[in-house]
Amino acid sequence: MTDAALNPVPAPKPPLLKVENLKTYLYLKRGIVRAVDGVDLEVAEGETLGIVGESGSGKTMTSLSMLRLLPKPSGRIVDGSITLDGTDLVRLSEDEMVRDWRGRRISMVSQDPLTSLNPVFTIGDQVGAPFRYHKLAQGCGAVRRAVEAVLSRVRIPSPVKRIDEYPHQFSGGMRQRVVTSMAIACSPRVLIADEPTSALDVTIQVQMMELFRDLQRDSGLGIIMITHDLGVAAGICHRIAVMYAGRVVESGDVREIFRNPVHPYTRGLLNSIPHLGRKRRRLEAIAGQPPSLVDPPKGCRFAARCPQRMPRCDDYPPSFEVARDHKAACWLAESRS
Amino acid sequence: MTMSEASSAPAAPLLEIRNLTKHFAVRGGGVVRAVENVSFSIGQGETFALVGESGCGKTTVTKLVLGLEKPTSGEILFHGADLTKASSSTMHAYRRQAQAVFQDPYSSLNPRLRVHTIIAEPLMAHGIGDRSSQRARVAEMLDVVGLPKTAADLYPHEFSGGQRQRIAIARALALKPSFMVLDEPISALDVSIRAQILNLLADIQDEFGLTYLIVAHDLALVEHFSSSVGVMYLGSMAELGPTEAVFSAPLHPYTKALLSSVPRPDPDHRAPEGVIKGEIGSAMAPPPGCKFHPRCPFVIDICSTTPPVDRVLAPDQIVACHLAESIPTSSVPA
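Order-wise, the sequence lines are chains W and Y. Counting in my numbering, the first sequence runs from 7 upward without gaps. Counting in my numbering, the second sequence runs from 14 upward without gaps.
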């Protein structure tokens, strides 16, 4: 995994993390929300998987399931497995999860760098926490050196000086680097990045995407990038999974998804956004809005908004393989598989 | 301009901003130079976009234009009359003409009011019509924005984000304004809903002959939606001109960097690495000379000492840069 960081990895690799038939429900007063309803995903070493979807599509609940950080007491994984390094995370006790996995082998960078840092502790205190907790550095001096090293890995200028500063003294982009440094402190195998650049300006966004690429090149990190921005997804991901209403509707190689999208939802999304340098009078909007997940439609969940709806759509379509590393859950894909 | 309809020959601008400056005093001393010497004009029926990164002053400009803040100096001319020196009755009349749609339809609608009251409130504030005519106007506006009449009796929480933004648009339209400020009108909405709202905004612009001032950070949206654009950096206007010209042949290094930083939905497009270094400076202590010079890849000596003046380098295209002519355009994406 050296020069291939920018391009899809051609040789099939054994997945580092494999999610199979994951079902995560939220048990709320107003009913059972089927937030994640049978999701399959795979990430290989050194690979970036983009999970693309709108709010309510289940992308964040999928990632919280992987970390076993579901809201309590409402959230529960009711079915499926999440296999990392041969271990099913779903079956681990909370103690095992805390001690050996969460933050250690699988970690997360959240969207908002301001709320994920505590304003009353210094950067050094906070970035040092994972080293102290997982006993990767013992004693003040060693922790401090480890913090300085990880801050310079995320390219924070003069870390020795900044280690004793507080979050408010950092800009938005630098805070996101600090949060990223905490996530990679224990050299995890998988990093989940939930909209890591959406709160940032475009020129800073470019710098953050470069950082993720560099970190991956150095360590073979598997990255799961959750985003609603198709530009970000195309720019950094090797593979894409498009989620809609709790399910993966289309997945595969990034070029396949962007060049030959099959699912009408994926096609609709790509057509509905303005493209730089391609001026059109009108955008092709997707009519309607996503279904309720308390009482989701029996068949295809996109059917009510789909311009190509057929009678068969009352049955949920299985995932059809339409090309190498390209699957779509749509009856239209059946003839192509 | 890019307007394909080529609306009747260049009329007098609806809104003209001249040397607008806004400084905020900070507790404990110091001044935030939020907007400095900004000028632009918007023709009738046109859509003018302000773009730039957070902290560049674009929102402050809209607040000044809406009369929500008083400028430190400069003029805001609406139909030729200076609003900064206007009497309160003139301002009252102006507020009927100028309306706004904000970014977040979750915080811009009062959760305790029914949709009817939300949309009728501007009518009540301006003492327009009686109850029955207000009810008729609300029904008409709901129809324009594509919501059923029955929506009037519901509360905001009963609607999705896209529908709420439709309600906010109906409220802005209730007074039949001629001018509308759109502050990031779609960025809080889901991707599949955004196009619906953008198309609605385009439709009502045609239907009611509206003039728009839109603030947005999404440059693809700005290119799609606006006829003219102003690129702001740290309180100053870096570049100004017809959208088509600025996007196809940007002159200012900041505009170029901004355009090449936009993530493209194309897996084979690679953003040139390290387009610009560093981050936007502080508006309390802006860099001397050109405010962009600490991040500019083409910086020369004069940039750090002398602020560049506005120069017209192409038809209607104004740029504030000492060396705009000599910068290669190759860094600009195709």
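Simulated from the structure, these hints should not be mistaken for laboratory data. The model shown is predicted, which means the values in this text are computed figures rather than measured ones. Be aware that one or more of the hints could be misleading.
[As the list claims (entries may be wrong)] Which bits of chain Y does chain W cover? Going by a derived footprint, with three or more residues having C-beta under 8 Å, they are: (1) 209-217; (2) 226-233; (3) 263-272.
C-beta: ideal position from N, C-alpha, C; glycine also.
So, going through the hints one by one against the coordinates:
no.	hint	result
1	209-217	holds (count 4)
2	226-233	holds (count 4)
3	263-272	holds (count 3)
The earlier numbered hints are all upheld by this structure, with none contradicted.
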